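Engineer: Dock chain D against chain R, hints included.
Protein chains: 2
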Amino acid sequence: MSLHGKSFIAGVPVVSGTDTFYAFDPRTGEKLEPAFGESRSEDVNAALQSAEAAFEVFRKTSATERATFLERIAEEILALGDPLLQRASAESGLPQDRLIGERGRTVGQLRLFAEVLREGSWCDARIDVALPERTPLPRPDLRRMLLPLGPVTVFGASNFPLAFSVAGGDTASALAAGCPVVVKGHPAHPGTSEWVAGAVNRAAAACGLPAGVFSLLQGSRPEFAIALVKHPLTQAVGFTGSHRGGRALLEAANSRPQPIPVFAEMSSLNPIFLLPGALRQKSQEIAAGLKVSVTAGVGQFCTKPGLVFGIGGPDWDAFTEAFQSAIRSVAPGTMLHRGIREQYCQSAARTSQTPGVALLAQSDSEAEETSTQARPLAWKTSAQTFFGQPTLQEEIFGPATVLIEACDLGELRLAASKLSGQLTATVHGTPEDLADAGPLLEALERVAGRLILNGFPTGVEVSPAMHHGGPYPATTDSRFTAVGTAAIQRWARPVCFQNFPETALPVELRNGNPAGLMRTVNGKLTRDALGQ
Amino acid sequence: MSLHGKSFIAGVPVVSGTDTFYAFDPRTGEKLEPAFGESRSEDVNAALQSAEAAFEVFRKTSATERATFLERIAEEILALGDPLLQRASAESGLPQDRLIGERGRTVGQLRLFAEVLREGSWCDARIDVALPERTPLPRPDLRRMLLPLGPVTVFGASNFPLAFSVAGGDTASALAAGCPVVVKGHPAHPGTSEWVAGAVNRAAAACGLPAGVFSLLQGSRPEFAIALVKHPLTQAVGFTGSHRGGRALLEAANSRPQPIPVFAEMSSLNPIFLLPGALRQKSQEIAAGLKVSVTAGVGQFCTKPGLVFGIGGPDWDAFTEAFQSAIRSVAPGTMLHRGIREQYCQSAARTSQTPGVALLAQSDSEAEETSTQARPLAWKTSAQTFFGQPTLQEEIFGPATVLIEACDLGELRLAASKLSGQLTATVHGTPEDLADAGPLLEALERVAGRLILNGFPTGVEVSPAMHHGGPYPATTDSRFTAVGTAAIQRWARPVCFQNFPETALPVELRNGNPAGLMRTVNGKLTRDALGQ
Chain R
137 MSLHGKSFIA
147 GVPVVSGTDT
157 FYAFDPRTGE
167 KLEPAFGESR
177 SEDVNAALQS
187 AEAAFEVFRK
197 TSATERATFL
207 ERIAEEILAL
217 GDPLLQRASA
227 ESGLPQDRLI
237 GERGRTVGQL
247 RLFAEVLREG
257 SWCDARIDVA
267 LPERTPLPRP
277 DLRRMLLPLG
287 PVTVFGASNF
297 PLAFSVAGGD
307 TASALAAGCP
317 VVVKGHPAHP
327 GTSEWVAGAV
337 NRAAAACGLP
347 AGVFSLLQGS
357 RPEFAIALVK
367 HPLTQAVGFT
377 GSHRGGRALL
387 EAANSRPQPI
397 PVFAEMSSLN
407 PIFLLPGALR
417 QKSQEIAAGL
427 KVSVTAGVGQ
437 FCTKPGLVFG
447 IGGPDWDAFT
457 EAFQSAIRSV
467 APGTMLHRGI
477 REQYCQSAAR
487 TSQTPGVALL
497 AQSDSEAEET
507 STQARPLAWK
517 TSAQTFFGQP
527 TLQEEIFGPA
537 TVLIEACDLG
547 ELRLAASKLS
557 GQLTATVHGT
567 PEDLADAGPL
577 LEALERVAGR
587 LILNGFPTGV
597 EVSPAMHHGG
607 PYPATTDSRF
617 TAVGTAAIQR
627 WARPVCFQNF
637 PETALPVELR
647 NGNPAGLMRT
657 VNGKLTRDAL
667 GQ
Chain D
137 MSLHGKSFIA
147 GVPVVSGTDT
157 FYAFDPRTGE
167 KLEPAFGESR
177 SEDVNAALQS
187 AEAAFEVFRK
197 TSATERATFL
207 ERIAEEILAL
217 GDPLLQRASA
227 ESGLPQDRLI
237 GERGRTVGQL
247 RLFAEVLREG
257 SWCDARIDVA
267 LPERTPLPRP
277 DLRRMLLPLG
287 PVTVFGASNF
297 PLAFSVAGGD
307 TASALAAGCP
317 VVVKGHPAHP
327 GTSEWVAGAV
337 NRAAAACGLP
347 AGVFSLLQGS
357 RPEFAIALVK
367 HPLTQAVGFT
377 GSHRGGRALL
387 EAANSRPQPI
397 PVFAEMSSLN
407 PIFLLPGALR
417 QKSQEIAAGL
427 KVSVTAGVGQ
437 FCTKPGLVFG
447 IGGPDWDAFT
457 EAFQSAIRSV
467 APGTMLHRGI
477 REQYCQSAAR
487 TSQTPGVALL
497 AQSDSEAEET
507 STQARPLAWK
517 TSAQTFFGQP
527 TLQEEIFGPA
537 TVLIEACDLG
547 ELRLAASKLS
557 GQLTATVHGT
567 PEDLADAGPL
577 LEALERVAGR
587 LILNGFPTGV
597 EVSPAMHHGG
607 PYPATTDSRF
617 TAVGTAAIQR
627 WARPVCFQNF
637 PETALPVELR
647 NGNPAGLMRT
657 VNGKLTRDAL
667 GQ
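Chain order of the listed sequences is R and D. When you line the first sequence up against the working numbering, it's residues 137 to 668, in that order. When you line the second sequence up against the working numbering, it's residues 137 to 668, in that order.
This is chain R alone, in the form it adopts within the complex:
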């Protein structure tokens, strides 16, 4: 297996310019061969023209055909074997074991969306039969279902080089919905991207789909990202990354003559609230769990807890002390790339310099810059300081968190109500704690997409009931999830067919209901065929 360093436009390796960039092994700083060509605006146009042409075929595929395609992508990714994991590890610094797990998740997501398609009810089919005799006006036959939006642009994320990248959740859900995908590969792992794109290309060919159903454009320049969003054929955007990046894409999308939806999952502090009884009963256990949640994967998860609130007193002090020791014991780890490490160092310096914020703990070992390491860190401050320092609500991406001491439950509630939008919010409490925690939980329900009791926010299940989203700035659209089966709904819109003969209707809306979909027929949910 070799790498050619080119983009893939509709299955064809393409390099249109002479500018290149390289991946680097963050563990060593070593430059990794080969050079990758920077995509240019003509590549953006070619990829989207191919996607648009492919859409004319792809939108007419059956749910089963698309399921087979997704399953084939999963197989082709597995067939890439160990070299994929080795390259991904070299490009991301992530250990092989983690990448084995992430590959499992990537393959699992593809298969899960295949299941969603084979079951089929996701398309929300609704039928109101004609009532020709109704007075004063007859009712026409109305049949509605979700249909794909068109070509989608997906931005690969650096922190999941497999599961949120070229064939990750955004791509899997968009293809499931029937949308061709143009991926902008993340410049930190172009080799991983190229191989996974090859796997998608082979799956498309094996399934007899037009090659334009998928393209991968490699590149490192912000203006190229904006060009993808602004291209008139792009109909929606999926992104996981920084607040600044997501907001820029949102603004580009909204300034188009035809604005398009942007699903950007951006920034979350994932606050944790420790209630008095929980602190009394299990401060050591919580400190140990928090250590893992803050530092696992070198803190590079979007659900890493960055704010931990509790009420001052001996139990809080015991917890703080235990957490202090725990953080000291965690060795620095290699971050994904130098840019993320620089950002981490800047955010840490900003926090350390914030008036009223004190360093609580740092890893006993110093971080080595040559191996792109981040030193685990924890700070402590008061709720009053938190209220007065808005920068404490800026995400620190990496193995760091801030402990915040409140004077009473009222101040905890006030802190909850002052939070900006979050992916998650967590409460630790005994049954007695929770009996008094209604207002706190209600405040958190306003700001978060997922509420967790007596657990930790990291570890996002890929399942029907998962919601990985939340109010701005956690995401740009709180109504949709980036993880779990509901993610498919981002890429579709309803279309209603009025007075269509059976044969001109999509199969999902025909009387016979051959796939046994759950449909809303005359207002009632049923799997029955019509006329039975």
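Among the clues, some could well be false.
Since the list gives no way to pick one copy over another, a pair counts as held whenever it fits inside one copy or between any two copies.
[Stated by the list, open to error] Pairs of lysine-lysine, DSBU-like flavour, derived with a Cα cap of 35 Å:
# : residue 1 : residue 2
1 : 196       : 418
2 : 167       : 418
3 : 554       : 196
4 : 660       : 196
5 : 366       : 142
FYI, nobody ran anything at the bench for these hints, they're computed from the structure. Because the structure is a prediction, the values reported are computed rather than measured.
Structural biologist: Same frame as chain R, but now just chain D:
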């Protein structure tokens, strides 16, 4: 029944400034008493503060309580009796009969959303039970449902002073979802708005709800509309009106520190395609139906057909001639207000002056300006002219349409592919026509929210399978409908509860499923309780 000319903030009549405006009877130009106070920024703030406070209570109401509230609003509107219809008629120029029908629709919508709430499955409850023994990692208990976004601002539309105004579809669906509503009343019918707002206030009081669940702000100034959208407590916006107005609100929403969803239903030409067999078999019938669809309600429906395409030849000529006579026979009608009439005259003049466009027909009677009349109009042109003149894709709101002659089916398809986003697209064809019309229908499926065969687009059913939406500029968000039961989905977002004890969960997510909701349990749709 009298009018006080004040806004209603949380049930209390308020007038904060001294500036006023009046409604006018478009049939006579007569100024209608009383003067209405112009809302100011402090009123916007007071209304949204009240809405935010009310939300803390309203979000915790049961679906049944909200259903009762909606049903009570319907009763209170009916209890306003004939004076409401008389005032609405004076303020809109719409005849009493039409307003009786519209009141029925308004009341019917409120009751339909009450039914949706009583059935309850709209909240898309999903449960993945805990799998504590799963390896390598256990699965936590995950339960997700849709919860209300928060205070919603609704802009009343002038063309449906009841059904798309103070207690219209946007308000009904937002209240159903659990969102307090602040309505900006349309300045053309402030008296109608005041009375309907009083009905909503009485219903809220009768149901023991906080008065802040609903406010009506009266005002005529654009900056006041923008202030509503920009207020930080506004969490979503519903609007029906012009493209310019909707785009301004969208841009205001997107420029907020926290962008919010805007559901603006703006502008649609609702193209009709007449295929050769249909023209041959029923050109007279189509001409008669088209006349009604273009001129009913003085052409002031968002689904009025503004472009009619066909292939040149004797059948097209026969149709054109029949339509010409039909338009000549329609008397001018009174438009909703002077601003709409001015806009109609300007759009008509622009169309008449477009090179290659010829006037085909006009009403035999001239329109009287004193009674705010619009003269029915039709133009004809060629597909080639249509391709070269983008202004022909601008909506003409009023009783007018443009017939466009193509040379063959290929040109029809090309025209379909060049259309901007539409609420509807219609095809008339015999079974033989339709056998060849696949590519045309596919092109139309890309641009429209509703496709109609052998019918007319006006007359929008309020039902589960209706989709009243479409790609931009028909709406700002093609994924949602403004009419029908699915409209409730605009005002809600998913929240996932992880590891919550039964008693801390919303009732919709508890094991017992007392309301018998259709839920997704471990990936399967079922009405069963858990553990059965």
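Engineer: Hint by hint, say whether it matches the structure.
Structural biologist: Hint by hint, here is what the structure shows:
When the C-alpha separation of residue 196 and residue 418 is checked against a cutoff of 35 Å, the pair qualifies only between copies, where the shortest distance is 32 Å, while the shortest distance within a copy is 56 Å. Taking identical chains as interchangeable, the C-alpha atoms of residue 167 and residue 418 are never at most 35 Å apart, the minima being 47 Å within one chain and 73 Å between chains. Proximity of residue 554 and residue 196 under a CA criterion of 35 Å is satisfied inter-copy only: 21 Å between copies versus 48 Å inside one chain copy. Proximity of residue 660 to residue 196 under the C-alpha cut-off of 35 Å is found in both arrangements, the shortest distances being 28 Å within a copy and 26 Å between copies.
For a Cα distance limit of 35 Å, the shortest separation of residue 366 from residue 142 inside one copy, 23 Å, qualifies, whereas the shortest one across copies, 45 Å, does not.
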